[in-house]
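*Asks:* Sequence:
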Amino acid sequence: MGERKLSGLKRMLLEKTIDVARFDRIIICLGTNDLLERSAMAMIAIVEEIVILLRDANTMIDILFCEIGSRRFRGNHKFPPDDDHTLERILAYNSLLANVCGCGVVKLSYTLSDSIDGLHPGPIGLSTVVRILKAYFD
1 MGERKLSGLK RMLLEKTIDV ARFDRIIICL GTNDLLERSA MAMIAIVEEI
51 VILLRDANTM IDILFCEIGS RRFRGNHKFP PDDDHTLERI LAYNSLLANV
101 CGCGVVKLSY TLSDSIDGLH PGPIGLSTVV RILKAYFD
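Just so we're aligned, residue 1 is where the sequence shown starts under full-length UniProt numbering, counting upward by one.
Okay, the calculated beta carbon distance ranges per label pair:
1. Gly-31 - Arg-131: 18 to 24 Å
2. Asn-99 - Gly-31: 19 to 25 Å
3. Glu-88 - Ile-46: 17 to 23 Å
4. Cys-101 - Ala-135: 19 to 25 Å
5. Ala-92 - Ile-52: 20 to 26 Å
6. Cys-101 - Ile-124: 30 to 36 Å
7. Phe-23 - Leu-87: 32 to 38 Å
8. Lys-134 - Asp-56: 27 to 33 Å
9. Arg-25 - His-85: 30 to 36 Å
10. Lys-107 - Asp-24: 19 to 25 Å
11. Phe-137 - Ser-95: 21 to 27 Å
Hints were generated in silico from the structure; no laboratory data involved.
The beta carbon of each residue, even a glycine, is placed where N, CA and C say it ideally should be.
Please work from the sequences and hints to get the whole structure.
*Replies:* Rendered as structure tokens:
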């Protein structure tokens, strides 16, 4: 996500915050591609801004972030595995995320063992994600 897209994301959040704030719960999943051009701390700063915007609009909103999973190469998938530098950023971001802004964090790292393309969960992984989310919100 380049700086132009990030500005678009911030602008969209400012414009849509009232719409989003009508919800009691929101799940935010950022991906590996968001870490390719910035450090884990830079991503955490973005997460903090998002949380502030949402809580300014609705102090009772329940915000849940999903960990970033790593890309795993299995067979002929279109996504190559993450390099060591990206894996370090993913681990750093995921460890920092748990301590940010009092939000919930879904640990998704183990759900990618069933992957359709080396990155996105397949049916078993997706059902695991749904089960985790239901347990969090129930």
